[in-house]
Amino acid sequence: MNRKNQKSELIASLVSTIWFVILLFPFLVMKVNVTGGKAVVIFRWSYLPVIAISIFVLSFLWRRALEWNQHRGDKTPVRTPLSGIRDFIITALRRKPIKLGVMALLLLIVLAYPYVLGMYHTNIMITALIYVMLALGLNIVVGLGGLLNLGYAAFFAVGAYTYGLLWKYAGPAFISAGIDTGWLFWIALPSAGVIAVIFGILLSLPVLRLRGDYLAIITLAFGEMFRMVLQNSGPVTGGATGISLIPRPWLFGIRLPPRQAATYIYYIAIILVIFTIFVVRRIEDSRVGRALEAMREDEVACEAMGVDLVRNKMATFALGAFWAGIAGVLLAAQTTYINPDSFTLWESIMVLMAIVIGGTGSIPGAIGGALILKLLPEYFRPLAQYRMLIYGIAMIIIIIFKPDGLIPRNRKRYTFVEKSASDSVPGVQK
Amino acid sequence: MDYFIKLLLSGTAKGSIYALIALGYTMVYGIVKLINFAHGEVYMIGGFTALIVGGFLSTLGMSIPVVLLFSILASIIYSSAFGFTIERLAYRPLRNKSRLSALISAIGISMILQNFIMLAQTEKYLPFPSYLPDLPFLQPVREYINSTQFIILITTSFIMIILTIIIKFTRIGKAMRATSQDKQMAQLVGVNINQVISVTFVIGSSLAAIGGVLICSYMGQINYYIGFVAGIKAFVAAVLGGIGSIPGAVLGSFILGWTESLGTGFISSDYEDAYAFIILILILILKPDGILGKNQKQKV
Amino acid sequence: MSEIVAPILDIQNLSMVFGGLRAIDHVSLHIKSGEICALIGPNGAGKTTIFNCVTGVYKPTEGSIAIQHGEHPKEEIQGLKPNTINLKGLARTFQNIRLFSNMSVLENVMIGRHNSLKASIFNAILRDRATKEEEQRVIDESHDILKKMKLEMFINETARNLPYGAQRRLEIARALATDPFLLLLDEPVAGMNPNETKELEETINIIRDKEKVTILLIEHDMSLVMNVSERIYVLDYGRLIAEGTPMEIKANPEVIKAYLGE
Numbered sequence: 001m002n003r004k005n006q007k008s009e010l011i012a013s014l015v016s017t018i019w020f021v022i023l024l025f026p027f028l029v030m031k032v033n034v035t036g037g038k039a040v041v042i043f044r045w046s047y048l049p050v051i052a053i054s055i056f057v058l059s060f061l062w063r064r065a066l067e068w069n070q071h072r073g074d075k076t077p078v079r080t081p082l083s084g085i086r087d088f089i090i091t092a093l094r095r096k097p098i099k100l101g102v103m104a105l106l107l108l109i110v111l112a113y114p115y116v117l118g119m120y121h122t123n124i125m126i127t128a129l130i131y132v133m134l135a136l137g138l139n140i141v142v143g144l145g146g147l148l149n150l151g152y153a154a155f156f157a158v159g160a161y162t163y164g165l166l167w168k169y170a171g172p173a174f175i176s177a178g179i180d181t182g183w184l185f186w187i188a189l190p191s192a193g194v195i196a197v198i199f200g201i202l203l204s205l206p207v208l209r210l211r212g213d214y215l216a217i218i219t220l221a222f223g224e225m226f227r228m229v230l231q232n233s234g235p236v237t238g239g240a241t242g243i244s245l246i247p248r249p250w251l252f253g254i255r256l257p258p259r260q261a262a263t264y265i266y267y268i269a270i271i272l273v274i275f276t277i278f279v280v281r282r283i284e285d286s287r288v289g290r291a292l293e294a295m296r297e298d299e300v301a302c303e304a305m306g307v308d309l310v311r312n313k314m315a316t317f318a319l320g321a322f323w324a325g326i327a328g329v330l331l332a333a334q335t336t337y338i339n340p341d342s343f344t345l346w347e348s349i350m351v352l353m354a355i356v357i358g359g360t361g362s363i364p365g366a367i368g369g370a371l372i373l374k375l376l377p378e379y380f381r382p383l384a385q386y387r388m389l390i391y392g393i394a395m396i397i398i399i400i401f402k403p404d405g406l407i408p409r410n411r412k413r414y415t416f417v418e419k420s421a422s423d424s425v426p427g428v429q430k
Numbered sequence: 001m002d003y004f005i006k007l008l009l010s011g012t013a014k015g016s017i018y019a020l021i022a023l024g025y026t027m028v029y030g031i032v033k034l035i036n037f038a039h040g041e042v043y044m045i046g047g048f049t050a051l052i053v054g055g056f057l058s059t060l061g062m063s064i065p066v067v068l069l070f071s072i073l074a075s076i077i078y079s080s081a082f083g084f085t086i087e088r089l090a091y092r093p094l095r096n097k098s099r100l101s102a103l104i105s106a107i108g109i110s111m112i113l114q115n116f117i118m119l120a121q122t123e124k125y126l127p128f129p130s131y132l133p134d135l136p137f138l139q140p141v142r143e144y145i146n147s148t149q150f151i152i153l154i155t156t157s158f159i160m161i162i163l164t165i166i167i168k169f170t171r172i173g174k175a176m177r178a179t180s181q182d183k184q185m186a187q188l189v190g191v192n193i194n195q196v197i198s199v200t201f202v203i204g205s206s207l208a209a210i211g212g213v214l215i216c217s218y219m220g221q222i223n224y225y226i227g228f229v230a231g232i233k234a235f236v237a238a239v240l241g242g243i244g245s246i247p248g249a250v251l252g253s254f255i256l257g258w259t260e261s262l263g264t265g266f267i268s269s270d271y272e273d274a275y276a277f278i279i280l281i282l283i284l285i286l287k288p289d290g291i292l293g294k295n296q297k298q299k300v
Numbered sequence: 001m002s003e004i005v006a007p008i009l010d011i012q013n014l015s016m017v018f019g020g021l022r023a024i025d026h027v028s029l030h031i032k033s034g035e036i037c038a039l040i041g042p043n044g045a046g047k048t049t050i051f052n053c054v055t056g057v058y059k060p061t062e063g064s065i066a067i068q069h070g071e072h073p074k075e076e077i078q079g080l081k082p083n084t085i086n087l088k089g090l091a092r093t094f095q096n097i098r099l100f101s102n103m104s105v106l107e108n109v110m111i112g113r114h115n116s117l118k119a120s121i122f123n124a125i126l127r128d129r130a131t132k133e134e135e136q137r138v139i140d141e142s143h144d145i146l147k148k149m150k151l152e153m154f155i156n157e158t159a160r161n162l163p164y165g166a167q168r169r170l171e172i173a174r175a176l177a178t179d180p181f182l183l184l185l186d187e188p189v190a191g192m193n194p195n196e197t198k199e200l201e202e203t204i205n206i207i208r209d210k211e212k213v214t215i216l217l218i219e220h221d222m223s224l225v226m227n228v229s230e231r232i233y234v235l236d237y238g239r240l241i242a243e244g245t246p247m248e249i250k251a252n253p254e255v256i257k258a259y260l261g262e
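Those sequence lines, one after another, are chains A, B and C.
Heads up: the first sequence begins at 1 in our numbering, then just goes up one per residue.
Heads up: the second sequence begins at 1 in our numbering, then just goes up one per residue.
Heads up: the third sequence begins at 1 in our numbering, then just goes up one per residue.
Treat the hints as calculated values from the structure; they're not laboratory data.
There may be inaccurate statements among the hints.
Example chain A residues on the side facing chain B (calculated, C-beta under 10 Å, incomplete) [unchecked claim]:
hint : residue
1    : Ser54
2    : Leu148
3    : Phe222
Simulated pairs of lysine-lysine, DSS-like, Cα-Cα distance not exceeding 27 Å [as the list claims (entries may be wrong)]:
hint : chain 1 : residue 1 : chain 2 : residue 2
4    : A       : Lys38     : A       : Lys4
5    : B       : Lys124    : A       : Lys402
6    : C       : Lys147    : C       : Lys132
7    : C       : Lys212    : C       : Lys198
8    : C       : Lys210    : C       : Lys257
9    : A       : Lys412    : C       : Lys147
10   : C       : Lys81     : B       : Lys287
11   : A       : Lys374    : B       : Lys287
12   : C       : Lys132    : A       : Lys412
Here are some chain C residues the structure puts well away from chain A; computed CB gaps all over 10 Å [unchecked claim]:
hint : residue
13   : Ser28
14   : Thr55
15   : Glu107
16   : Val255
These numbers were taken from a predicted model, which means no experiment stands behind them.
Where is the CB? At the ideal position from N, CA and C, for every residue including glycine.
With the sequences and hints as input, model every part of the structure.
Listed below in structure tokens is the structure:
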């Protein structure tokens, strides 16, 4: 870079610094306080140099990044030490014994987790695992089907309330009959899946004709409506206070102390997550998954190739809803208490963020994204209040600079053995 | 009957504020085909600017009309600056990408602005001082309409007229209309697309700022979250009228204002925010193009 | 190809009105089994709109579209959904390439074979033997189709990374994968260089001769139209202005007027 260029870069950064300092001044430096009906403004001058310097650096980096982003496709990928390490790991993982070894190690860590780290960490992990299931489910809808669903939390609520209401209304009967109420969990689990699927199909019917951003908005409306209905049907759902004292899952009639109960729910969550991954992977690599992806890519062409969009969209919503329903039951069992506040729009957006950050359409991405989003704030407590701010920024940066996400999807590759040379000449064969 | 008229008038006042915000949605959508999710936040920024600048000026001992004038001016300037910056930072780099990525970026901006104000200012509701004057000549009809509502009505009607003039008769207005018809074609005949888009964001944001000051004065309080609900409602109004259509946004806003007002007055106030969603769902299912929207056949 | 054979596609009095605009105005045309037929006309003449009506993207305002293939009785298809029409044996390509651009080339063709498979969600999860065999079969069949279209070297490539000409061929491959008896090609050589055009001309002939697929194509490249098609329909302002063999069309004054103006 020559000096003239450097100078213009510097000036551009200075201009944006001045612009942003003026823009942010009333909000960062001034602070309004209302005491006794009169607004009082305090000035926090010490913030000013900090803001100015950070904006200067950030604006410089931002412009560099945008430029890099534009020209990134121009040159062939360079071999850096980092990419070398990555390639080495990838090739190593292809080999069967190493792959099995890594899997076994992972399994061991997962199994030993609650014993090594204790209940506090186990509970955090359960929450994160619930999010992993949600992210995997929404990944079918958004990542494969390309249908942006901002009302996903409603299906989560359907699951949680299935368990909650089952406890509220069937619980007394179970108690008087002398059956362990923990059984309700095992009844709720499959029924929540089924009920969520029914809700998913019901939701998909009116929105079949809509696409893109209209679909996002209408699902948002449905999600918020559902929450309002939960909140305002006090006699049935407990209204804003919700349902409490939900029993923990049954385990051969053993009454578990909270510590072990958490461990137990942790294992259930692990099994369910593994089951989810298994099913989702198989769906992705099948006729059904391909059709969903084709729908995401181009609805018109998809229909012209004979794919029934109506059935496809219903399947997408149903599949997504199923996992949210299951995750909801798990949430109710873990917290033993549910209310409508756990199912706001921001919950849906959090799950969406998990898959955007991880990589839309990518299963490892959804898992990674959900874990990052749920675990980081727990372990960086001082940053917890900045959490949503950081997520918002991360989401924009990723969507601009790395739309594939942190762990992009690895497409399946097909290999063929050539039967004979003459086969490849068109017209010669049959 | 009195009750009905009262509700109708308060619905009209509400509707005219929705209209100020809805216009921003509809103009941006008309030109860049993006649901500017962060538009509600721009309106919240407008309210906060007025509160902060107004608070500062009144501690300096200025008279109320001067404080009012300067705080409204500041709020317009800041909101439009925010709108302009948001477009440059978060939407422009994504202009040729899928519409969903722009929408996700918009959701991100919305989160950032909400949390920024919450962290930099406060998470509590703050009382919003009433700068708007009390109009004595409204004394006889006081039962039906108070002076804040009256000022809201007058201001919004005035702004609508100015906006119509800008869009119908000025050069930039023509460029905006051309761009919303066909971006490529407009570019070919020499319209500076970037400039048109920026101007659209600036105009939309200024309208939102005025809406912000008015509704905060009306409600008497402000909070970092007010933009979200108002934004959704204004969006509903824009879709109801036919997104992309300016008279549609105004019509949709009034219909929404009346529905809310009459719904809470006659049916139930528990579901005040739900009426907007019910309307949205019905309109999107039955007539996605809205009341005044054009039926757009997709090209194959 | 004698006149006795009933047409496999019979369009009668087709009209399509958008708002006040009559994009197609009482057009009647028919395609006979085994022929290559072209639909030409200046830009905006309504050619693609006819395709859209035939393939179910639009519901025609009036008129009828009937198909009759092999032993099946004649049936009217206007207003049916695009996927139903595809299932009946009509496949198409698009003027502005509409591939599934983030999927691999092979997967694009596999989507075309969607309806020749039966696996449901439950089969996909259980992955039983029949499903596995079916999956392998579709992979092999798609591979064969790609070979016929000379695309086998791109199998694992993402569709959007293909060269332009290959993308057009992939669209044809994908359409062929749906086992059509009538293939509608919308400007198959648009944007191709003369060599690629020549190659595609051969391909079109092979599709008709070896695969026994009837072809209706829209094209602006007159050399291709004159070389491959047996019959040509000319459309102008939504109305049919001429019909005939390439030689007849070349000599038709109406056609020359439509193309060159007064």
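Do the hints match the structure? See the list:
1. The criterion of a C-beta within 10 Å of any C-beta in chain B is not met by A:Ser54, whose closest approach is roughly 14 Å, and the hint is violated.
2. Evaluation of the A:Leu148 hint against chain B yields a held restraint, the C-beta minimum of about 6 Å falling below 10 Å.
3. A cut of 10 Å between beta carbons decides the hint on A:Phe222: the least distance to chain B is about 7 Å, and the hint holds.
4. Straight-line distance between C-alpha atoms of A:Lys38 and A:Lys4 comes to about 52 Å, which puts the hinted pair past the 27 Å bound.
5. Restraint check for B:Lys124 and A:Lys402: the C-alpha separation of about 36 Å exceeds 27 Å, so the hint is violated.
6. Annotation: proposed proximity of C:Lys147 to C:Lys132 holds, straight-line Cα distance about 23 Å (limit 27 Å).
7. At roughly 21 Å between alpha-carbon atoms, C:Lys212 and C:Lys198 fall within 27 Å of each other, so this suggested pair holds.
8. Our distance criterion of 27 Å between C-alpha atoms is broken by C:Lys210 and C:Lys257, whose separation comes to about 38 Å.
9. Of the supplied pair hints, the one linking A:Lys412 and C:Lys147 holds, its CA atoms being roughly 20 Å apart against a limit of 27 Å.
10. Under the criterion of a C-alpha separation no larger than 27 Å, the hint pairing C:Lys81 with B:Lys287 is consistent with the structure, at around 21 Å.
11. Distance restraint check for A:Lys374 and B:Lys287: the Cα-Cα separation of roughly 40 Å exceeds the 27 Å cut-off, and the hinted pair is therefore not satisfied.
12. This hinted pair checks out: C:Lys132 and A:Lys412 have alpha carbons roughly 16 Å apart, not beyond 27 Å.
13. For C:Ser28, the shortest C-beta to C-beta distance to chain A comes to about 24 Å, beyond the 10 Å cut-off, and the non-interface label holds.
14. The non-interface label for C:Thr55 is inconsistent with chain A: the shortest C-beta to C-beta separation is roughly 6 Å, within 10 Å.
15. Against chain A, the non-interface label of C:Glu107 is violated: not every CB pair exceeds 10 Å, the least being about 6 Å.
16. Interface exclusion of C:Val255 from chain A stands, the closest Cβ pair being 30 Å apart, more than 10 Å.
Comparing the model with each earlier hint shows violations of hints 1, 4, 5, 8, 11, 14, 15; every other hint is respected.
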